[in-house]
Amino acid sequence: MIRISEKQIDVQKVIDTASSLNAGAVSVFIGTVRNNAQGKKVVWLEYEAYETMAVGEIRKIMDEACQRWPLLGWAVSHRIGTLKPGEVAVVVAVSTPHRKDSFAACEFVIDTLKEKVPIWKKEVFEDGQEWISARPMLEAKA
Amino acid sequence: MNRFKVRAFGITRELLGGREATIELNGTTVGDLRGELASRYPELTGLRSLYIAVNSDYAAEDQVLNPDDEIALIPPVSGG
Chain C
1 MIRISEKQID VQKVIDTASS LNAGAVSVFI GTVRNNAQGK KVVWLEYEAY
51 ETMAVGEIRK IMDEACQRWP LLGWAVSHRI GTLKPGEVAV VVAVSTPHRK
101 DSFAACEFVI DTLKEKVPIW KKEVFEDGQE WISARPMLEA KA
Chain F
1001 MNRFKVRAFG ITRELLGGRE ATIELNGTTV GDLRGELASR YPELTGLRSL
1051 YIAVNSDYAA EDQVLNPDDE IALIPPVSGG
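From first to last, the protein sequence lines stand for chains C and F.
Counting from 1, position 100 in the first sequence corresponds to residue 100 in the numbering used here; the numbering is continuous, with no gaps.
When you read off a place in the second sequence, starting at 1, and then add 1000, the result is the number in the numbering used here.
Just so you know, not all the hints are guaranteed correct.
Covered, in the sense of this in silico footprint (three residues per stretch, anywhere, with C-beta under 8 angstroms from a C-beta of chain F), are these stretches of chain C [said to hold, decoys possible]: (1) 50-57; (2) 108-114; (3) 118-129.
No lab work stands behind these hints: they were computed from the structure.
Beta carbons are placed, not taken as given, at the ideal position from N, Cα and C, and that holds for glycine.
Start from the sequences and build out the full structure, keeping to the hints where you can.
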């Protein structure tokens, strides 16, 4: 299951979708909104996705994960829109016969998602806002 | 002159001033489009990276564009 939605993520539903009676392990990654960044208080985050491409890129990641690990089930859900600190932004769940594969596959999926999937977030502070990672770090220019 | 519609997301949406822009250029490749975008919107060149997607796939610089392709600007992603 791949889902990109403005609605709150039902974490249990993602886990249930990924689960299998043949599995001995389910690994779940839950990404949440931090209340601080760059030493400043985050008021909220704005998430935006290029949805058709994001779904396609997640599918490619899952195809690769299925080649590398014996996945019995999986589900990825990403929220978009306005999120406040503490809210769940992304959930990845995978199930495998044994735990080492489920840990490795889950880590691969979230790491690759963050690197390749066209989803963006803007941090909104009390005194301004910024698209994350969009520009080179200021210290890199110095 | 070839005319292409370009969708913009994240910071590029703000730099282009909207979700979509129409770009006219003499060339036909992704690289040609990138050059035209850079001259029209110089701030794009200050981004950490900028990929161009064609029909929902990351495109190479030498890929030839068709007028009905869905073209999108992909600034550095930050999901998760």
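**OP:** Test coverage of the stretch 118-129 of chain C by chain F using CB-CB distances below 8 angstroms; three residues minimum.
**Re:** Answer holds; 5 residues pass the 8 angstroms Cβ test.
**OP:** Examine the stretch 50-57 of chain C for residues whose CB is less than 8 angstroms from any CB of chain F, and state whether their number is three or more.
**Re:** The restraint on the stretch 50-57 of chain C holds, since 5 of its residues have a Cβ under 8 angstroms from chain F and three suffice.
Original post:
Can the stretch 108-114 of chain C be counted as covered by chain F under the rule of three residues or more with Cβ-Cβ separation shorter than 8 angstroms?
Top reply: holds (count 3)
In terms of the numbered hints stated before, the structure departs from none.
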